[in-house]
Amino acid sequence: MAPKRVETGGRDLISSLPDELLSEILSLLPTKTAASTSILSKRWKNLLPLVHNLDFDESTMVFDPSLPKAGLRFIDFVRRTLVLLGDSPIHKLSLEWKSEKAQHLIYPLIYNALQREVLELHLISPKRQFVPSQLFFSKTLVKLTLTLGCFARETTTCSVLFPALKSLSLFSVMFAASSEMYGVLLVLDQTDPHSSLVFLDYSSYAAQDYLVQFDDSLVEARLDIRLWKYYNHVLPLPISYGYQLSKHGEYWGDAAKLILGVSNVVTLHLSPDSLEVLKVYGYEGSFEELNQMRHFLKNLRASSNNCKIQFI
1 MAPKRVETGG RDLISSLPDE LLSEILSLLP TKTAASTSIL SKRWKNLLPL VHNLDFDEST
61 MVFDPSLPKA GLRFIDFVRR TLVLLGDSPI HKLSLEWKSE KAQHLIYPLI YNALQREVLE
121 LHLISPKRQF VPSQLFFSKT LVKLTLTLGC FARETTTCSV LFPALKSLSL FSVMFAASSE
181 MYGVLLVLDQ TDPHSSLVFL DYSSYAAQDY LVQFDDSLVE ARLDIRLWKY YNHVLPLPIS
241 YGYQLSKHGE YWGDAAKLIL GVSNVVTLHL SPDSLEVLKV YGYEGSFEEL NQMRHFLKNL
301 RASSNNCKIQ FI
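Per UniProt numbering, the sequence shown starts with residue 1, numbered consecutively.
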C-alpha cells in the first residue's frame, strides 16, 4: 500500500510546534546549527535560551584554520552565542580550542559559564593553556573534565573546593609547583570534608610525590599514570614542575601514594604503566582465594609483563 501524501498547504509545520518540543530538537543539533536558527525569526531567536547544553569545537568551524585570525573568529562565535542566550542557565558546556593566541579571550567565556552556574564543564585543548582560578572553587560544578596543560596564575585564600563535584576527569593536566593551585585536585576530599566526589578519571605522567587521600565517597577511579622513563620522546619538564633528576639522569615518577589514596574505591582501573609491584595481604591459599588469584593473574599477565608480585 503506497504511503499517503500529506498536504501542508505551504504552512511551516515545524514552527507550529510548542516551544518545549522545539527546544528539545535544538538540543539534539550541533550548537553551531542551533545558533544559526536564531536568524530565522524573532521566535526562533527566543528559543535558543532554552538550549542548556552547548558544545563548541574549533575544528568544526568552516573557516580555514590556517588563517592568522581563525582562532579569534571561533572565540567570537562562542561569545555571540552566549550573548544570544541572555541570562539563561547553562547545564553543560564543552569547549575545545587550539589557538594559544586566543588565551586571554578564553578566560571571559569560562567565567561566563561559571556565572551561569554551569553543572558540567569540559575544557579541551592540545596546547598549554591557562584557566581562571575561579574554576577550582565553583559551587555548582557536578562534573568537570580538563584535557589540557592547566595552570592557574592567580592565587586565592578560598578553601572551599568543588563542594558539589561528583565526577572529575584529568588528562595530561599540570600545575606549577609554586602555585597555590598545585595539588588542589589531588587533596579534594581533605580540604573539603563535605565533598561528594564519586568518580575520578586521572591520566598523566607520574609526579615525584602525591599528597592525596580520598574518603569513602569515591566509588570508582581510573588511573592512567605513565612513567617518564618509558617515554623518551617526551621532552622532560623543568625540575620546578615537581620532577627531580635521578642519579641516572632520567626523569622518574612514583604513583604508589596516588594508588593508595584511592584504595577505598569499589572499582579501580589501572593502566599497565601504573602497576610495577603488587603486594597481596592476608592471602591464605583457600580454594576460593586460589580461583580468584588465578583469574586475577591471568588478566594481569595480559596487560603487564613488568609487574612484580609479593605475597605478605
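Just so you know, these hints were derived from the structure itself, not from any lab. On a predicted model such as this, the values are computed, not experimentally measured, just so you know. The C-beta atom is built at its ideal place from N, Cα and C for all residues, glycine as well. Check the hints yourself; a few may be wrong.
What the hints assert, rightly or not - Taking lysine to any residue pairs in the SDA-like style, the calculated list, with each CA pair at most 25 angstroms apart, reads: (1) 32 to 143; (2) 98 to 108; (3) 127 to 203; (4) 42 to 59; (5) 257 to 226; (6) 42 to 27; (7) 257 to 127; (8) 139 to 45; (9) 45 to 85; (10) 166 to 17; (11) 166 to 220; (12) 92 to 13; (13) 257 to 215; (14) 139 to 171; (15) 143 to 45; (16) 92 to 164.
Said to hold, decoys possible - Taking CB as the label site, the calculated pair distances span: (17) 42 to 216: 17 to 27 angstroms; (18) 216 to 79: 35 to 45 angstroms; (19) 271 to 217: 40 to 50 angstroms; (20) 201 to 134: 39 to 49 angstroms; (21) 117 to 286: 47 to 57 angstroms; (22) 220 to 43: 40 to 50 angstroms; (23) 171 to 40: 31 to 41 angstroms; (24) 104 to 263: 35 to 45 angstroms; (25) 61 to 40: 20 to 30 angstroms.
Here is what the structure says about each hint:
A hinted pair counts as satisfied when its Cα atoms are at most 25 angstroms apart, and residue 32 with residue 143 qualifies at roughly 23 angstroms. Our distance criterion of 25 angstroms between C-alpha atoms is met by residue 98 and residue 108, whose separation comes to about 17 angstroms. Among the hinted pairs, residue 127 with residue 203 is consistent with the structure: their alpha-carbon atoms are about 16 angstroms apart, no more than 25 angstroms. Proposed proximity of residue 42 and residue 59 is contradicted: the alpha carbons are some 30 angstroms apart, above 25 angstroms.
Restraint check for residue 257 and residue 226: the C-alpha separation of about 14 angstroms stays at or below 25 angstroms, so the hint holds. A threshold of 25 angstroms between alpha carbons decides the hint, and for residue 42 with residue 27 the separation of about 18 angstroms falls inside it, so the pair holds. Note on residue 257 and residue 127: the hinted pairing is violated, with a Cα-Cα distance of about 29 angstroms set against a maximum of 25 angstroms. For the proposed pair residue 139 and residue 45, the alpha carbon gap of about 30 angstroms is over 25 angstroms, so the pair is violated.
Taken as a hint, the residue 45 and residue 85 pair is honoured in the structure, with Cα atoms around 9 angstroms apart against an allowance of 25 angstroms. The hinted pair formed by residue 166 and residue 17 fails the criterion: a straight-line CA distance of about 36 angstroms is larger than 25 angstroms. Restraint check for residue 166 and residue 220: satisfied, since their Cα atoms lie roughly 11 angstroms apart, inside the 25 angstroms limit. At most 25 angstroms may separate the alpha-carbon atoms for a hinted pair to count; residue 92 and residue 13 exceed this at roughly 30 angstroms.
Our distance criterion of 25 angstroms between C-alpha atoms is met by residue 257 and residue 215, whose separation comes to about 14 angstroms. In summary, the hint linking residue 139 to residue 171 is supported, as the alpha carbons are separated by about 22 angstroms, within the 25 angstroms threshold. Pair hint residue 143 plus residue 45 does not hold up; C-alpha atoms about 29 angstroms apart against a cutoff of 25 angstroms. Of the pairs offered as hints, the one joining residue 92 and residue 164 holds, with about 15 angstroms between alpha carbons and a cut-off of 25 angstroms not exceeded.
Taking the beta carbon of each, residue 42 and residue 216 are about 53 angstroms apart, not inside 17 to 27 angstroms as hinted. Our hint of 35 to 45 angstroms for residue 216 and residue 79 holds, since their Cβ atoms are close to 42 angstroms apart. At about 24 angstroms, the CB distance of residue 271 to residue 217 disagrees with the hint of 40 to 50 angstroms. The given range of 39 to 49 angstroms is broken by residue 201 and residue 134, whose C-beta atoms sit roughly 23 angstroms from each other.
At roughly 53 angstroms, the beta-carbon separation of residue 117 and residue 286 lies within the given 47 to 57 angstroms, and the hint holds. One distance hint, 40 to 50 angstroms for the beta-carbon pair residue 220 and residue 43, holds here, with the actual separation near 44 angstroms. Against the hinted window of 31 to 41 angstroms, the Cβ-Cβ separation of residue 171 and residue 40 comes to about 38 angstroms, which satisfies the hint. A beta carbon spacing of about 42 angstroms between residue 104 and residue 263 agrees with the range 35 to 45 angstroms that was offered as a hint.
Between residue 61 and residue 40 the beta carbons are some 21 angstroms apart, a value that agrees with the proposed interval 20 to 30 angstroms.
The structure shown violates the earlier hints numbered 4, 7, 8, 10, 12, 15, 17, 19, 20.
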